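J.: Sequence:
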Amino acid sequence: SKYIFVYPFLKTREWFLLTKAARQGMMDEHIEVGHRFPSVKLNTSYSFGLDDQEWVVAFESDKPEDFLDLVMALRETEGSRYTLRDTPIFTCVRRSLKETLDTLGG
Numbered sequence: 057s058k059y060i061f062v063y064p065f066l067k068t069r070e071w072f073l074l075t076k077a078a079r080q081g082m083m084d085e086h087i088e089v090g091h092r093f094p095s096v097k098l099n100t101s102y103s104f105g106l107d108d109q110e111w112v113v114a115f116e117s118d119k120p121e122d123f124l125d126l127v128m129a130l131r132e133t134e135g136s137r138y139t140l141r142d143t144p145i146f147t148c149v150r151r152s153l154k155e156t157l158d159t160l161g162g
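So the sequence shown is residues 57 to 162, counted in the working numbering.
Everything labelled a hint here was simulated from the structure, so no lab data went into it. Quick caveat, the model's predicted, so the values are computed rather than measured. Some hints could be false.
Unchecked claim - What follows is a list of derived Cβ distance ranges for each label pair:
| id | residue 1 | residue 2 | range |
| --- | --- | --- | --- |
| 1 | Q80 | E132 | 17 to 23 angstroms |
| 2 | L160 | D125 | 22 to 28 angstroms |
| 3 | L157 | G90 | 30 to 36 angstroms |
| 4 | S152 | Q80 | 36 to 42 angstroms |
| 5 | G161 | H86 | 37 to 43 angstroms |
| 6 | V112 | L73 | 19 to 25 angstroms |
Stated by the list, open to error - No farther apart than 20 angstroms at their CA atoms in a straight line, the calculated lysine to aspartate or glutamate pairs in the EDC-like style are these:
| id | residue 1 | residue 2 |
| --- | --- | --- |
| 7 | K97 | D122 |
| 8 | K67 | D122 |
| 9 | K67 | E110 |
| 10 | K67 | D108 |
The beta-carbon is built from N, C-alpha and C at its ideal position, and this holds for glycine as well.
Put together the whole structure using the sequences plus the hints.
T.: Written out as C-alpha cells, the structure is:
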C-alpha cells in the first residue's frame, strides 16, 4: 500500500471493568465495520507497559479517503465510548530506503 496511518490507542479504565463478553461484543462490531472497507488493512501491536498506551494501530491503504471513512464509522460504534485517546495520527507515504535517502539529499 502507498499509505500507512499510525496512531496510539488508549482505552478508558471503564473499558477494563466491562466483562470479557461485553468487550468482545464491541470488538466484533469494530471488526464488522472494518470489513466494509476492504481497501484498508489493519495491523495492531500491543504496547502495554512500553509507553502510555495499550496499543499502536497501523492501517495500510492506497486510498486515504477510505481510511478516513473507516475512522468516522468506527467512531460511531458502541466501543468508541471507551476510547480515551487515539491521537496523534501519523500519515506516512511508503518509500524504499533509497527513495527516502534521495529525498533527504543523501
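J.: Can you list which hints this structure breaks, lowest number first?
T.: 2 and 8
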